[in-house]
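Visitor: Those protein sequences? They're chains A and B, same order as listed. Going left to right, the first sequence walks through residues 41 to 205 as the working numbering numbers them. Going left to right, the second sequence walks through residues 43 to 444 as the working numbering numbers them.
Rather than coming from a laboratory, the hints here were simulated on the basis of the structure. Keep in mind that this is a model prediction, so the values were computed, not measured. Using N, Cα and C, we set each Cβ at its ideal position, and we do this for glycine too. A few of these clues could be false.
Unchecked claim - Covered stretches of chain B, going by a simulated chain A footprint (3 or more residues, C-beta under 8 Å):
#1 149 to 162
#2 258 to 264
#3 402 to 408
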Amino acid sequence: MAIATENLIADLQSTFGTALSNFEEPYGLLTFQTNKDSIIPVLKYLNENETYRFRFLTDVCAVHYPTTKELAVVYHVQSMENNFRLRIKVFIPESNPKIPTATVLYESANWQERETYDFYGVIFEGHPNLVRILNVDDMVAFPMRKEHPLEDPNRIDKNDTYFGR
Amino acid sequence: MAHIQLDSDSLEKETTTLNLGPTHPATHGVFQNVLEMDGERIVSAVSTIGYIHRAFEKIAEHRPYYQITPLTDRLNYCSSPINNFGWHLTVEKLLNIETPKRVDYMRIIIMELARISDHLICNGILGVDTGAFTGFLYLMQERENIYEIYEEICGARLTTNFGRVGGFERDFNDIAILKTKKFLATFPKIMRSFEELFNRNRIFIDRTVGVGAISAEKALNYGFTGPCLRATGIDYDVRTANPYSSYNEFDFEIPVGTNGDTYDRYMVRNEEIWQSLRLIEQALAKMEKEPKGIFHADVPAYYLPEKQDVYANMEALIYHFKIVMGEVDMPKGELYHAVEGGNGELGFYLISEGGRSPYRLHFRRPCFIIYQAFAEIAKGSLLSDAIVTMSSLNVIAGELDA
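Next comes chain B alone, as it looks inside the complex (with noise of 0.2 Å):
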């Protein structure tokens, strides 16, 4: 029952209409809600969304596999290392690739790094839009180290284009190794201080639990994967169902919440933050037994040749040009790969029938099948809940729109 009541044969509304976006602080990202506003509450919201599409799964079908790595760096631009190896192993598996032990534990630092990195960003950001700006800063710094790290071993920061197929383009370097210990020595204190300023704040707790909670089975239906569906106190992890790139060598827990609200959703994200450490500090003890120097499969016909080989080595040079060119041919086959991205299940069904590029390439983005939910969760709630439900279900305007 609306506030205002209006004649039958009036020309206004009862409700009053809204525009949440597409440029608005609050979402973080290019897409609209078109709320329909009682008051302070949403009568029913519309999402627009769409802005940053830019057709990768058409591209991709025009690339060679190798250039599509940089498309997928765009998808979770907060997380690109998970996408881009999501997308490596997608290829290995067409191409029944083993990659060498060391390399899946270089993957598992660098993936668990990326998870952070995600993770620290979405609570940081949900302090802020809780009001509380301290926190962000803290993990702001931390997020800079994390970037470090990538610099060292790939060059980029953010559109991290990171390894290739069969492995990386060059060995960590030990700045890259010191870096990454100094961050796990000196990142708990930091994060066990941004703790202390939400987990029990008296303000944190009354602005998120109980906002934007959805049940199990309704999170299910709608496709929920990642921490928003573990919130619901459903442990289905990629990382342990279908384990890639060695997980399953792995000691670490799948954190799980119980109300599947904006509260558990936070704390399920801080928990796999402590997790990603324990499985950091396992992989680099890990990697430190493997032999030195491997840092990719031996597989000439799709790992681009050192260069110094390409001048003295026929061979190297024959392969150089394949592949950069993209005359390698591909065989046929039909797969389904996922991973464990920053917001849940992050999948790739590749088609192909030989040649080039790929006959169809889809991805199944995270965020763009959590975010429909969005419209029933902010029924019926305050704008300002809403707003800070949207910024638990961490959309990333990227992969929300492919």
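Isolated chain A (complex conformation) (with noise of 0.2 Å):
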């Protein structure tokens, strides 16, 4: 069975009400945005609901836009039944990145959300062990993190200023 993208949007909102907002379709992709307190529930729900049975976590990601000072985690979640993907984000504040954790519903989220806290300083409450997965332990920064640069800012060796980078 099929799911209509105009379906479940209204089902969704009916269920969820303001707390999910920007519902878009890039390149074909259903994305909308909700809060932090939300997205546990919204994830449940679409979990658990016997028509869209979105039993698959695809991916968990962070993103961060310095400018306004935020995180963006984002969750792909799959249906495979239907053959439906969706997109979910959450902004939560670079000053406080805090989060509940999926693990709860996927445990394909463990080393997921491991891997947003290693880059991006995600702290997703609840995680079982929430540690360091590819950096050392006792790195200090989050290098993921758009302030951080790839190279050396000390270097001359490598001047790029002409060609605008």
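With the hints as a guide, bring both chains together as one complex.
Guide: Structural data, given as structure tokens:
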């Protein structure tokens, strides 16, 4: 059974009301925003609903927006039976990057959330083992945040200013 | 209940700590498992990964799009062309480029060759881990033949940097097509003798049936994709679920297992090799019906012009300069594109805010997600079974660590 995008949006809006916003479909993938209090109820609803059956968490990652001092945690979920993908975004402030963990619903969130913590410093509350995964344990920075340059800024042998970079 | 009983005030442990890795022949890559052993049985496993983390996502934020292709090579380096084309397809989706049919078929030939070489390595080494070296040697020769086809087309063998955004850097030459046809003719015989060695082999069956089994529900919850998921009986394959590169025109089957154990994973991979051969045959036939000499889309702003044009033609010179210097402005957009890699769904989540490099690029690496289930699968099993399980999950360190 296929999911009709309009019906899904209408149903989600009637269930969660104003907690969901900014519905859009970039490149054919339904995307919406929610807040950190609603993310787990939304995921749970999508997971447990017998028509939608979003049983598969494809991906968790974060994006840093330094201009608004926000981090976006991006969830991709998928319903294999309906062959339907969804993208859910939660914007959280850089100063208080806390969000509840999705490991209560999906085991696959475990390492993906650790990776997100490792690179962006997003604290997934309730995570069973929120420690760094790819970087060294005693690293102090969250290296994927935009304030960290890729290369050592003190290097003088690599001047790219002529190329507008 | 541990075999050794100690007094409650003892300073010793009832279990033995065993470091499997980071450099251990059985891990086939650089990652560590700290195992708590009770005799031969594993009580708990803690995986430590990140030994070859190379910050590809960070580097990608500072590189023009065409320079990201070599980074994708180094994810799953047993099937680099799939990663390369996955990235090209993502960028083409961003730019709304429609590739000519011939390019699609050429890509399918290469991607399926890559899938075969990936599965050959996994199944060959699974044989080695169970104690049979012969099969591995049979298959290594065939992988060599596949690499020779790559070499003929792109000049590289392992980290291929195959193709460009919009198509290929050059057309298949006659030798490449001849070698592909020769491979199609000779490989089935080798593959059959490999299967004869293993499929009904008593020792192999004893070592793999029921070992490292995972249920379909658990596998979905753990985010399994690819052969490991299909071995549990779920027929999810990105090639049929969300067809890319004209896979929808092809006639092939998705093999599935029933128990989700090591033997099923082995059998699914073997059957996929046969299906890949079918795909290559069909793609070759389809490619020959298409007009010759087309090997890229007509997108001068993104596809490097011919070198002789650069010297003779002003337009070409400008495009050449802009592309090489990474001064091509990309459109804004946000997309997720997935391809079926050797190990499962390889996804690219790309955010472009315009400009020369992506604002954010995230690789959904199937190995990374699958491997977290290892601790649970290995728990309670024998050490030798855990090694076979790890081998059949096909954990590739490059993909694990990005």
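Visitor: Each of the hints needs a verdict: does it hold here or not?
Guide: How the hints compare with the structure:
Proximity of the stretch 149 to 162 of chain B to chain A, defined as three or more residues with a beta carbon under 8 Å from a beta carbon of that chain, is not established by the 0 residues found. Counting residues of the stretch 258 to 264 of chain B whose beta carbon lies closer than 8 Å to any beta carbon of chain A gives 4, which meets the minimum of three for the stated coverage. Coverage of a stretch by a chain is defined here by at least three residues with a beta carbon nearer than 8 Å to that chain's beta carbons; for the stretch 402 to 408 of chain B and chain A the count is 3, and the condition holds.
Of the numbered hints given earlier, the model fails hint 1 alone.
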